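> Here are the chains, one letter per residue:
Number of protein chains: 2
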Amino acid sequence: MEAAFLSWLRSQVPGHPRLQLGIGDDAAILDLASNSRCVLTTDMLNDGVDFVWGQCDGRLVGRKSLAVNLSDLAAMAAQPLAALVSLTLPRRDALAVGQQLYQGLLPLADEFDVAIAGGDTGSWDGPLVIGITALGVATERGPLLRSGARPGDAIIVTGSFGGSLLGRHFRFTPRVREALLLNERYRLHAATDVSDGLALDLSHITQESGCGALVEAAAVPIADDAHRLAAADGGRTTPLEHALGDGEDFELILAAPPEEAARLLRDQPLDVPLTRIGTFTAERGLRIKTPDGRCEPLPPRGYEH
Amino acid sequence: MEAAFLSWLRSQVPGHPRLQLGIGDDAAILDLASNSRCVLTTDMLNDGVDFVWGQCDGRLVGRKSLAVNLSDLAAMAAQPLAALVSLTLPRRDALAVGQQLYQGLLPLADEFDVAIAGGDTGSWDGPLVIGITALGVATERGPLLRSGARPGDAIIVTGSFGGSLLGRHFRFTPRVREALLLNERYRLHAATDVSDGLALDLSHITQESGCGALVEAAAVPIADDAHRLAAADGGRTTPLEHALGDGEDFELILAAPPEEAARLLRDQPLDVPLTRIGTFTAERGLRIKTPDGRCEPLPPRGYEH
Chain A
1 MEAAFLSWLR SQVPGHPRLQ LGIGDDAAIL DLASNSRCVL TTDMLNDGVD
51 FVWGQCDGRL VGRKSLAVNL SDLAAMAAQP LAALVSLTLP RRDALAVGQQ
101 LYQGLLPLAD EFDVAIAGGD TGSWDGPLVI GITALGVATE RGPLLRSGAR
151 PGDAIIVTGS FGGSLLGRHF RFTPRVREAL LLNERYRLHA ATDVSDGLAL
201 DLSHITQESG CGALVEAAAV PIADDAHRLA AADGGRTTPL EHALGDGEDF
251 ELILAAPPEE AARLLRDQPL DVPLTRIGTF TAERGLRIKT PDGRCEPLPP
301 RGYEH
Chain B
1 MEAAFLSWLR SQVPGHPRLQ LGIGDDAAIL DLASNSRCVL TTDMLNDGVD
51 FVWGQCDGRL VGRKSLAVNL SDLAAMAAQP LAALVSLTLP RRDALAVGQQ
101 LYQGLLPLAD EFDVAIAGGD TGSWDGPLVI GITALGVATE RGPLLRSGAR
151 PGDAIIVTGS FGGSLLGRHF RFTPRVREAL LLNERYRLHA ATDVSDGLAL
201 DLSHITQESG CGALVEAAAV PIADDAHRLA AADGGRTTPL EHALGDGEDF
251 ELILAAPPEE AARLLRDQPL DVPLTRIGTF TAERGLRIKT PDGRCEPLPP
301 RGYEH
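Taken in sequence, the protein lines are chains A and B. Mapping of the first sequence onto the numbering used here: position 231 corresponds to residue 231, and the numbering continues sequentially without gaps. Mapping of the second sequence onto the numbering used here: position 135 corresponds to residue 135, and the numbering continues sequentially without gaps.
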């Protein structure tokens, strides 16, 4: 199967000026020119865990498998450069499955100017596995880490949260352009993307930064899909709970010093809204301020791998 | 499971001066300094396809998953720098399986000064999947490609071939040091590593170089294990057939101009023998010269993915 797939792939994957050598040799060669800080990330997606093959458009699965990696680069404010794609395909229909994946993946790669530098393809009797590694470079402003938040920094988020399962987890746009623009124009202290869940990913920043966070419940931007999900389950969950815990929103959480946060919120420089949802605190742990003014512990719920 | 595994991992994976940021954030940051040609490769290994979990030492599986990637870098004469490790672990025993893999992988990474830059870990009800991406840089002499062989070039190989299934496919040393030394001291035209099989991988060079190859059957260095396998199957196969088609020898095939080949064979600069097994030809396709002087087509047999 691999030979047929590789042959199809060679006709489908465009060349790229940055690729000195792409598909067809033992490894890819990438010209990084004078860029010295190469940013690498990898994600493995599995049928039955991250998607259910046959219950969704296969091209969306391919798109998502690259998009989650680009979201990780966005979380670092890195410029994406290249990706490697490893596939273990179900033996039955291996070629068609591989082609569908790439048909979803390639337009996204093109949109973000990502060179598909190579990969590995095999097949087996098991379910589909997709492994993607993405490589980018930090800009002159440097990468945004999880570890830079300081007590007093504002917690700013892009977009809205919850209910991504209704479709947004496939169709989201990784916040690469947004992260690059914000990192260039504003002095930010930390960032991450929301893959596991708003509360859980916020806790990744506080843990790495050695601080805590107080979230204002009333300020959390709740997606329409979170309301739909809450309405659908007859009041067992609230829209806020979906926003805090659903995950796969692939929005950014940013830590910004107060004066910079004020400027950011006034400017609203993105196509997507920026919202302040709380403040990083010296007191460790996550807390949430309910609309009636009480402060309660906020469990860092989300998708646990 | 992931949190427990990550915590264990952080205590196990050493820091590295080249890693500005390793495990624990959304992506890794690698300082490539002035190196501009980054070489990337990736391989995915699956339980039941590339190994059978439970029938072998799990540490050897972990070692192999990195070693095959280093062998790809060796095939390009690239200096390994870093690797990312993605695991989808069987839910039952996930932690123990992950630990065993790393216990085999880390000593090899240390031996070749490879920074483990990060990865992704999940678990499922399916079989173990290991995806590794390795990153290296081409030296000043540049990378060795598959596409540089010219008619008249000698076909030179390191080591011996066949029967790797008896254990060598787990315990091989990727020919990184050998490739770097040869590329520095000798003018070579092309290279690849033997993963699929001597004949099949040789055909990868001839296809990419637009030439053919004539192999001298009597010159092919046959591993003791190839003799053992042939003896064990009661004469249905010959040691030569094992040497040509078994694969997973992870030795190098090199194309060297005649005068350089002569110098190489005279010098024997490696700890492992260098052997000339034939000549690249203008006539396309692979042929083999039998001990009685006949030239026959050589089927590019090996492991087809």
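Derived by calculation from the structure, the hints in this document are not laboratory data. A couple of the hints might just be wrong.
So the derived label-pair ranges between C-beta atoms look like this [as the list claims (entries may be wrong)]:
#1 A:GLN103 with B:PRO297: 36 to 42 Å
#2 A:ALA231 with B:LEU95: 51 to 57 Å
#3 A:CYS56 with B:PRO90: 20 to 26 Å
#4 A:ARG92 with B:TRP53: 21 to 27 Å
Sample of chain B residues facing chain A (criterion: CB under 8 Å; computed from the structure) [unchecked claim]:
#5 MET44
#6 VAL49
#7 TRP124
Since this is a predicted model, take the numbers as computed values, not measurements. Just so it is clear, CB atoms sit at the ideal spot from N, CA and C, and this is done for glycine as well.
> Which earlier hints turn out false for this structure, listed by number in ascending order?
2
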